Structure formats: C-alpha cells, structure tokens
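Novice: Starting from the given sequences, assemble the full structure and let the hints guide the process.
These protein sequence lines map, in sequence, to chains A and B.
Just so we're aligned, residue 2 is where the first sequence starts under the numbering used here, counting upward by one.
Just so we're aligned, residue 63 is where the second sequence starts under the numbering used here, counting upward by one.
Because the hints were derived from the structure by calculation, they are not lab data.
Predicted model only: the values in this text are computed from it and were never measured.
Cross-link-like lysine to any residue pairs, in silico, SDA-like; alpha carbons within 20 Å at most:
#, chain 1, residue 1, chain 2, residue 2
1, A, K89, B, L227
2, A, K90, A, L100
3, A, K90, A, N29
4, A, K89, B, Y229
5, A, K90, B, I141
6, B, K83, B, V160
7, A, K90, B, L133
8, A, K89, B, R230
9, A, K89, B, M137
10, A, K89, A, L100
11, A, K90, A, G78
12, A, K90, A, L34
13, B, K83, B, F102
14, A, K89, B, M138
15, B, K152, A, I23
Which chain B residues stay away from chain A? Per the calculated CB distances, all over 10 Å, these:
#, residue
16, Y237
17, Q238
18, I244
19, D245
20, V246
21, E247
22, K248
23, R251
24, K253
25, K256
Stretch-level coverage of chain A by chain B, calculated; a stretch enters the list once three of its residues show a Cβ under 8 Å from a Cβ in chain B:
#, region
26, 45–53
27, 60–72
Backbone N, C-alpha and C define an ideal beta-carbon position, used for all residues, glycine too.
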Amino acid sequence: MIPISYYLILSTIIFTLSIAGIFLNRKNILVLLMSLELMFLSVNFNLITLGNYLGDLTGQVFVFFVLTVVAAESAIGLALLIVLFRNKKTIDVDDLSELKG
Amino acid sequence: MNIELITFFIFSFLLIVTSIKVITSPNPVLSAIYLVFSFFLSAVLWLLLGAEFLSIILILVYVGAVMVLFLFVVMMLDINIAKKSAAYIKYLPVGVGVFIIFNVLIIFFFINTFENINYNAINSINVISESNTENLGYVLFTDYIVEFEIAGLILLLGILSAIVLTYRKNPNNKYQNPTEQIDVEKKDRLKIIKGLKE
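Specialist: Printed below as a string of structure tokens:
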C-alpha cells in the first residue's frame, strides 16, 4: 500500500514547480496560464488524498466543483488573452505597463 | 515493494519530469502537449486513490476540452518562439530558490505530521454501493445539489463572458432586422403623388 504522505509530497512538488514556472515564464502569458492549470492539478491531488484519508467523499465532490470553475476560468482567461493580443500585438508580461504613472 | 508502490513511483517520477518540461520548454505548443501528458499521468494516480470517475473526467474534460482550447489559442496567436531571454536568466535564481524553500518547509511538515500515523491509502469509499460513480452521484445530488446548480451558473457565465469579450461586429455584414421589418407602415414605403400630368 502507498503511504498518504507520498501523495502529499508529490502534490507539493508539483505546486512549487508551478510557482517557479510563474516566476520564470514572464515572456508568455499562455505558459503562465498553463502553470496555473498545474497548480489546480496539485490542489485537486491534495483534496482527493485527504478525502481518502478521512474516508469522506466530500473531497471528490469538491474536486468536481474545482474542475468546473477551472474550465470557466481558463475560457475567460484565454478570451482575455486573445483581446490583449488583438490590441497590443504582444503577450509579454513586461509590455503590459499601461497603468504606470 | 508491491505492485501499487512501483506504479506510484514510476508515474509520479514521470509526472514531475513532464511538469518540469511544461515550465521550461521554449515552445508553447510543446508546453501544452507536456501538460496533456501530465494530466494523463495524474489520472492514473487518481485511479490508484480510488477516484475512478474523477480520473475519467480529468481526461475527458481537461484533455478533451480545455487543452484543445489552449492549443487553438496557440495556433490563433502569431507569436515567435522566444529565446531564453535576459529576464529568464534574471528570474531563474528566484524560481529555483522559491522551489527549494517551499519544498523543504512543506515536506518537512508533511513528514512530521503523517509519517507517525503510517496511514495507507484505501481503495474506495463506500456510501451506498461499490461503484465510485454511484457514490459520487448520490452525494452530489443529495447533499450538494445547490452547489451543483451554482456550478452550472458558473459555466453559463464562462460561456457568456468568453463570447462577449471576443465578439467583433463586422460592419460589412448584411443582415435583416425583424423588429424594423415589422414596424414598417404603409406610408414609409408608398408615396402617392397627386396632380401629376403626363
């Protein structure tokens, strides 16, 4: 059998990798959104693992809702990205300094 | 070493490798494809935890819908493949430092908290039957019915906002306006001229 802490350590590693990805990929908002998806994946890992640990199905129900919200979020994010590219011809984070005074 | 533990180690190693490739590959198409691989691998790991329905949903919804959406956006945007820029080199120590510090802190906590309990993952949670899908459906439609409806509303909101954000009206389009067509009266169209002699 697999100890529960292995799953938690795995999800921690994925979460920190996605944080590092947000720091590294500042040239491309698209890859930044992909690191966000990885982050949601690790959160879902934690929910399923701890639901299993507590013997409760609520964790899996919450993963279901998280998947719903993430689908809507990525649709809106990609729509915003397309509007941004249409107006500015770039998806670099450093070029988005419109509000600088 | 039993077969479950070996499966877990193989798939978690591959999952970490594909996650690293997602955040470091220079081409966004490659990143998206590695993200698809990592979703498949984590679906296998969720099967080991006894969440069969969610692992199938992860493949169907994520790989089938969300990642295809990502790939379409990559194809629509005309971006050149960026080289490793100065900003990448500048932020590389920050990323590696954050990775190491968070990992050490959280893994230390987890080992201290969960190693003493020595709890092994169980295969399934039974509420009304053996099937995971049946149990999940039972809980979802009794205890969480209001949240289920709210999830539907959130999806509707996602559809509406994506359409409203990206919709562009083409001035060259020719289309009929039924309201104006119905509102037309006889005197708008027909002009009677009296006293005109040939």
